[in-house]
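Top to bottom, those sequences are chains A and B.
Yeah, the first sequence ends on 324 if you go by my numbering, and it's all consecutive.
Yeah, the second sequence ends on 324 if you go by my numbering, and it's all consecutive.
Check before you lean on any hint, since a few could be wrong.
[Claimed, not checked] In the EDC-like style, the derived pairs of lysine to aspartate or glutamate whose C-alpha atoms are separated by at most 20 Å in a straight line are:
1) B:K277 - B:E134
2) B:K277 - A:D83
3) A:K73 - A:E30
4) A:K73 - A:D289
5) A:K277 - B:D89
6) B:K277 - B:D288
Calculated from the structure, these hints are not laboratory results.
2 protein chains.
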Amino acid sequence: MRIHIQNSPGDALFAVSPQQWQEAASRAGESGHEVAFGASDADFATGVARADILIGATSTLAGRFPCHAPDLKMIFCMSAGVDRLRPFDALPAGAIVVNNSGVHGRKAGEYAAMALLMLNARLPAVLAAQRAQEWRPVYAPSLRGRRVTVIGTGDLGSAAGRAAAQFGAVVTGVRTRAVPHPDFHRVIAADALDSVLPESEFVVLACPLTEATRNLLDRRRLSLLPAGAAVVNIGRGALLDQEALCDLLDSGHVSGAVLDVFVPEPIPTGHRLWTTKNLVATPHVSVDDPLTYNPDSLDIFFRHLRAWRDGGEMPNLVDLGRGY
Amino acid sequence: MRIHIQNSPGDALFAVSPQQWQEAASRAGESGHEVAFGASDADFATGVARADILIGATSTLAGRFPCHAPDLKMIFCMSAGVDRLRPFDALPAGAIVVNNSGVHGRKAGEYAAMALLMLNARLPAVLAAQRAQEWRPVYAPSLRGRRVTVIGTGDLGSAAGRAAAQFGAVVTGVRTRAVPHPDFHRVIAADALDSVLPESEFVVLACPLTEATRNLLDRRRLSLLPAGAAVVNIGRGALLDQEALCDLLDSGHVSGAVLDVFVPEPIPTGHRLWTTKNLVATPHVSVDDPLTYNPDSLDIFFRHLRAWRDGGEMPNLVDLGRGY
Numbered sequence: 001m002r003i004h005i006q007n008s009p010g011d012a013l014f015a016v017s018p019q020q021w022q023e024a025a026s027r028a029g030e031s032g033h034e035v036a037f038g039a040s041d042a043d044f045a046t047g048v049a050r051a052d053i054l055i056g057a058t059s060t061l062a063g064r065f066p067c068h069a070p071d072l073k074m075i076f077c078m079s080a081g082v083d084r085l086r087p088f089d090a091l092p093a094g095a096i097v098v099n100n101s102g103v104h105g106r107k108a109g110e111y112a113a114m115a116l117l118m119l120n121a122r123l124p125a126v127l128a129a130q131r132a133q134e135w136r137p138v139y140a141p142s143l144r145g146r147r148v149t150v151i152g153t154g155d156l157g158s159a160a161g162r163a164a165a166q167f168g169a170v171v172t173g174v175r176t177r178a179v180p181h182p183d184f185h186r187v188i189a190a191d192a193l194d195s196v197l198p199e200s201e202f203v204v205l206a207c208p209l210t211e212a213t214r215n216l217l218d219r220r221r222l223s224l225l226p227a228g229a230a231v232v233n234i235g236r237g238a239l240l241d242q243e244a245l246c247d248l249l250d251s252g253h254v255s256g257a258v259l260d261v262f263v264p265e266p267i268p269t270g271h272r273l274w275t276t277k278n279l280v281a282t283p284h285v286s287v288d289d290p291l292t293y294n295p296d297s298l299d300i301f302f303r304h305l306r307a308w309r310d311g312g313e314m315p316n317l318v319d320l321g322r323g324y
Numbered sequence: 001m002r003i004h005i006q007n008s009p010g011d012a013l014f015a016v017s018p019q020q021w022q023e024a025a026s027r028a029g030e031s032g033h034e035v036a037f038g039a040s041d042a043d044f045a046t047g048v049a050r051a052d053i054l055i056g057a058t059s060t061l062a063g064r065f066p067c068h069a070p071d072l073k074m075i076f077c078m079s080a081g082v083d084r085l086r087p088f089d090a091l092p093a094g095a096i097v098v099n100n101s102g103v104h105g106r107k108a109g110e111y112a113a114m115a116l117l118m119l120n121a122r123l124p125a126v127l128a129a130q131r132a133q134e135w136r137p138v139y140a141p142s143l144r145g146r147r148v149t150v151i152g153t154g155d156l157g158s159a160a161g162r163a164a165a166q167f168g169a170v171v172t173g174v175r176t177r178a179v180p181h182p183d184f185h186r187v188i189a190a191d192a193l194d195s196v197l198p199e200s201e202f203v204v205l206a207c208p209l210t211e212a213t214r215n216l217l218d219r220r221r222l223s224l225l226p227a228g229a230a231v232v233n234i235g236r237g238a239l240l241d242q243e244a245l246c247d248l249l250d251s252g253h254v255s256g257a258v259l260d261v262f263v264p265e266p267i268p269t270g271h272r273l274w275t276t277k278n279l280v281a282t283p284h285v286s287v288d289d290p291l292t293y294n295p296d297s298l299d300i301f302f303r304h305l306r307a308w309r310d311g312g313e314m315p316n317l318v319d320l321g322r323g324y
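With the sequences and hints as input, model every part of the structure.
Laid out in structure tokens, this is it:
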């Protein structure tokens, strides 16, 4: 196969190196591929024009389609969400899209646990008291028995569900259909979300951004949360109405939020997302482990390459109609 | 038995109520005790003068001895650490001291998990970037495989050990003697601490404050930590040299600290503990769950009352010579 790997210029931490590629190929028992690495726009044009397979992060590939890629058969995204590849009809006809879902779980679970524990302990208010140099004890009950609703039951959502359950929370998963899932005490269908929000002390957004999930937690749904509820977002910024969330944090109805994803990114200087009371903003770092990200992603790539060749199962094949 | 319960004036959250007492007595199948509740200095003097048993938090009892308590046979501390009852030779002769060790574990585990996940994710630096309204991604590896050293293997320490192990950290426990403990991958004796500090990426202080542990993490030992190490304190402020820790945070040798206990408490306005870089200060709230604290403590009291009467085992009997 002729494979083009497009890295982002200047990204020393997450660029795929020839050594990482070689080691992953060796683990997979693969050889004989013709591989090119690029980082510039010219590299992309040259590489994709003759490639069978394109590999790159969606942030690196976003905005590059349509392009001249007559032989392209597979795009392997070094990302789980593919929303930035929209519009999908601009992608080369006939090329399948495969994502790296599965590499984000461990870090996502750690981030979700950290966020839930921080919010349960009212740490945003405690941090504000520290900044004011005021000793204001807040004694929070344990997370045990608290009601956590996780929207999305994929790699991120199931990791968040396990993390919450580890601390004894009662965890509801929300997915397209109400099919049980081992990482949740119960699962409800997305169209029943309104019924569960009034009893959700914590909501974790961990689903893909699609036309169906855009603005899912809008002002009306956020207002359905009980007083003192808290919100975590490790999915995509556009899953929620940021302005409404900031208003509810200002009013105190929502007691805290830990957000890793935003519209736009980076957050501009002066934006209220930086300064809203009890809002902790982390710069889209929740799920990426620099030590394991590329090796794990390439292992997924090679498993799917083999399945594609042999007609095997491809769990990470993206359904472009569905959007994930 | 004549029992005097001394509450702290104005403490609505942690005062033992007659109803809590009655419910705990009922759970234990106990009746017939003559119980008095007090909150003032006069209440204390009158109550303890005729009591067989005194119940109160060490913060409430500190500074009240010596006192006239001719019949006193047991002091039940609604606290785990009894360091604030020093000097012990001022306590009524012949009265045993029992603490409530065991009620703090769940919250201690949650706090330790939160602190380790925050420090591993470099959250103190991320929070500083948020305050500066700067998008500065820090991609941290997972906690899996990181080396965590927990000093103290009692109720708090073992909960911290379990929490760290839950996330795949490699956990060393430090206790008086190197006796294995199920919540730690290995246990070393306190006198071998220096040998393990240079490889400790995280240190959690969770031991009692005694004459042997005062200033345990002094400037010399803190300097043995590897560059980038982080420190958590859920024990007592005097277990470490706060000035040295602040200096090492300022220099960047220590990457972060999450501290719940200090000298003095409350931290005075203007003290560097409020403002030192990458230091998160919480106001002595890490281990107290207001919903379960009194019921769980009173259950421990009644179990020890029965054991004392019947000659049974009293695991929470404080060895005043040892200090815990």
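- Hints the structure fails to honour: Checked against the structure, the hints that fail are numbers 2, 4, 5, 6, while the rest are satisfied.
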